[in-house]
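**Q** Work the whole structure out from these sequences, hints included.
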Amino acid sequence: MIIIQLVINIIFSASLIYIISQSFHLIYITCKYFNITHSISIAFGAYFTFFFIEQSFPIQIAIPLGIFTTILLALIIEQSLFRLLRKRNTHSLVLLIASLGLYIILQNIISISWGDTARFFRIGEIKAGNEIFGAHISDIQIATITISLFLLICTIFLFKKSNIGRQMSAIYSNEELACIFGINSDKVILWALGIGSSLAAITGILVALDTYFTPNMGFSLLLYGVVAMIIGGVSSTWGLVVGSFTLAIGQHLGAYFIDTKWMEAIIYIILILFLIMKPFGFSGGQLKKIDI
Amino acid sequence: MEYILHILIIILLYVMLTQSLTLTAGYSGLISLAHAGFYGIGAYTSAILSVNYGFPFLVTLPLAMILSGLIAVLVSVIALRTVDDYFIIITLGIQVVAFSIMNNWMDLTNGPLGIPGIPALSILGIEFSSKISFLILALLLTTVVFLILRNITKSPFARILIGLSEDEIFTKSLGKKVYTAKVISFTIGAMFAAIPGVLYAHYISYIDPTSFTVDESIFILSIVIIGGMRNLWGAAIAAAVLIILPEVLRFIGMPSNIAANMRQIIYGLALVIMMFKFSKGFISKPYSGQENKV
Numbered sequence: 041m042i043i044i045q046l047v048i049n050i051i052f053s054a055s056l057i058y059i060i061s062q063s064f065h066l067i068y069i070t071c072k073y074f075n076i077t078h079s080i081s082i083a084f085g086a087y088f089t090f091f092f093i094e095q096s097f098p099i100q101i102a103i104p105l106g107i108f109t110t111i112l113l114a115l116i117i118e119q120s121l122f123r124l125l126r127k128r129n130t131h132s133l134v135l136l137i138a139s140l141g142l143y144i145i146l147q148n149i150i151s152i153s154w155g156d157t158a159r160f161f162r163i164g165e166i167k168a169g170n171e172i173f174g175a176h177i178s179d180i181q182i183a184t185i186t187i188s189l190f191l192l193i194c195t196i197f198l199f200k201k202s203n204i205g206r207q208m209s210a211i212y213s214n215e216e217l218a219c220i221f222g223i224n225s226d227k228v229i230l231w232a233l234g235i236g237s238s239l240a241a242i243t244g245i246l247v248a249l250d251t252y253f254t255p256n257m258g259f260s261l262l263l264y265g266v267v268a269m270i271i272g273g274v275s276s277t278w279g280l281v282v283g284s285f286t287l288a289i290g291q292h293l294g295a296y297f298i299d300t301k302w303m304e305a306i307i308y309i310i311l312i313l314f315l316i317m318k319p320f321g322f323s324g325g326q327l328k329k330i331d332i
Numbered sequence: 360m361e362y363i364l365h366i367l368i369i370i371l372l373y374v375m376l377t378q379s380l381t382l383t384a385g386y387s388g389l390i391s392l393a394h395a396g397f398y399g400i401g402a403y404t405s406a407i408l409s410v411n412y413g414f415p416f417l418v419t420l421p422l423a424m425i426l427s428g429l430i431a432v433l434v435s436v437i438a439l440r441t442v443d444d445y446f447i448i449i450t451l452g453i454q455v456v457a458f459s460i461m462n463n464w465m466d467l468t469n470g471p472l473g474i475p476g477i478p479a480l481s482i483l484g485i486e487f488s489s490k491i492s493f494l495i496l497a498l499l500l501t502t503v504v505f506l507i508l509r510n511i512t513k514s515p516f517a518r519i520l521i522g523l524s525e526d527e528i529f530t531k532s533l534g535k536k537v538y539t540a541k542v543i544s545f546t547i548g549a550m551f552a553a554i555p556g557v558l559y560a561h562y563i564s565y566i567d568p569t570s571f572t573v574d575e576s577i578f579i580l581s582i583v584i585i586g587g588m589r590n591l592w593g594a595a596i597a598a599a600v601l602i603i604l605p606e607v608l609r610f611i612g613m614p615s616n617i618a619a620n621m622r623q624i625i626y627g628l629a630l631v632i633m634m635f636k637f638s639k640g641f642i643s644k645p646y647s648g649q650e651n652k653v
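Top line first, the protein sequences correspond to chains A and B. Offset between the first sequence (1-based) and our numbering: plus 40. Offset between the second sequence (1-based) and our numbering: plus 359.
FYI, nobody ran anything at the bench for these hints, they're computed from the structure. We treat Cβ as the ideally placed atom computed from N, Cα and C, and that holds for glycine. Some clues are possibly wrong.
Derived DSS-like pairs: lysine-lysine, alpha-carbon spacing no greater than 27 Å straight-line [to be verified]: (1) K318(A) with K636(B); (2) K227(A) with K200(A); (3) K513(B) with K531(B); (4) K636(B) with K536(B); (5) K72(A) with K318(A); (6) K72(A) with K636(B); (7) K536(B) with K318(A); (8) K72(A) with K227(A); (9) K127(A) with K636(B); (10) K72(A) with K127(A).
Okay, the calculated bits of chain B under chain A, using three or more residues with CB under 8 Å as the criterion [stated by the list, open to error]: (11) 452–461; (12) 584–597.
With beta-carbon atoms standing in for the labels, derived distance ranges [to be verified]: (13) I596(B) with N129(A): 24 to 32 Å; (14) I152(A) with P475(B): 29 to 37 Å; (15) S213(A) with T539(B): 30 to 38 Å; (16) L364(B) with A183(A): 54 to 62 Å.
**A** Following this line, the structure appears as structure tokens:
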């Protein structure tokens with residue numbers, strides 16, 4: 041039975057990491073820097089939903105409102121701050137630090153407004169999880185896995201069929217050429233940020249429903265996503281899936297055979313091993329600026 | 360009075376921390392988020408050695424520096440295969456692993472419970488248990504660290520570092536050993552970060568992993584950036600301002616938990632504003648013929 045439980049846990053963790061890494065990937069390929077501020081969208085998704093529930097909205101309305109507010113905030117930040125920095129032809133490192141600074145500001149604003157304590161959504165009564173072959177899985181975990189599968193199909197559709205997805209790939213492979221062909225990179229970045237932030241907000245809400253939420257919940261989650269993207273390779277959606285599964289398998293096998301408290305360290309050890317042995321990730325896409 | 364002395368001592372510890380990172384992050388452009396890790400390695404080495412084995416300060420200090428330096432060489436050889444953004448993510452990983460070890464390796468570090476009862480600092484029988492004597496010792500060490508770092512930053516070696524941070528390929532084409540220079544710079548930074556760690560352990564007499572978190576690393580890096588990246592005095596002033604700031608906020612009547620948040624908001628804001636200033640990259644002023652910057 042323990043094997044089935046382990047497999048279920050791995051699939052659940054991988055789904056969560058996949059959603060985050062997909063959301064980060066969308067933003068990374070268009071903006072081309074590590075946007076740390078993105079992690080605050082995860083926390084904002086949970087906190088805005090919490091806010092709307094406190095205003096006595098039913099949860100079916102509070103969740104879309106929370107996601108919508110998060111997207112709006114991300115777009116405002118992009119338009120009012122990062123667009124100005126990008127227009128100055130700023131180095132990606134500088135953008136990373138600016139986004140780190142903004143993350144610190146926003147995270148502390150959440151701390152001041154809602155406090156640092158862990159909070160929960162109180163919906164429905166607490167019940168035992170569903171049983172499958174003797175293993176337990178909660179409703180939220182089933183929902184997470186379903187949503188991530190759905191999002192995987194949507195992303196494949198986005199990149200293969202839709203106009204905006206193709207424009208994103210175009211900007212990723214050559215921004216100047218894309219601009220010559222009349223693609224408005226500002227518009228594409230806004231689209232990527234909008235979709236990415238909504239995915240981040242969904243993750244935040246799912247985590248909040250499953251366990252609890254704190255102001256700095258987004259940071260380590262986002263880093264899992266970033267690591268999944270680096271080890272999976274940036275060039276394909278399947279790379280992200282493989283990366284997420286690698287992390288989830290490493291995490292849970294480590295937790296099972298060693299101890300749960302080393303989970304966080306294992307993730308980074310996997311990353312370091314990958315950078316030594318397979319510096320371009322599974323999909324082989326040029327991601328790392330190695331050896332000039 | 361005791362309170363002011365305490366603040367002064369903490370400022371001096373941070374001055375050492377930030378000045379050592381100024382060499383790594385400012386001069387060689389290796390923006391590292393692992394500095395609190397090395398600070399912690401220093402603190403834990405001296406705490407474990409002095410509590411369990413009764414080693415004196417004069418032995419633990421060099422041992423802590425050597426251990427921190429060795430670990431720095433090991434990790435930088437791996438981490439320096441990457442540049443820029445990826446280097447930051449890797450150093451973040453190193454920081455998380457270091458914190459994990461401090462937090463989870465119960466047998467060695469006593470985990471989240473921390474190590475209590477670290478003896479007061481004594482050199483050749485002279486005890487530095489009062490705050491004023493500790494302050495003098497810290498001031499002395501800070502001055503020594505400052506003078507060494509200033510000499511390094513004025514040396515030809517620092518010019519290689521500045522060169523490689525601004526144009527790595529060009530520096531390489533001049534025949535400079537870029538990779539070695541990076542490893543050396545990272546290692547020196549880490550070794551000097553161990554000194555305030557050792558002092559901190561003896562001063563507070565109790566350490567636990569929460570003093571050496573990712574947030575601490577971000578804070579140290581912010582001070583370096585706000586201080587102007589390649590400016591040892593700037594880093595010292597920024598450290599003093601950011602340490603005093605929450606005390607002032609508390610003094611004017613702000614609740615202490617909000618004062619801590621306000622400090623973070625202010626340095627976050629300073630980071631964003633500084634990035635507009637540095638938007639062309641971390642490039643120094645044109646060389647004016649003589650080194651007048653400290």
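**Q** Return the numbers of the hints above that this structure violates; sort them in rising order.
**A** 1, 4, 12
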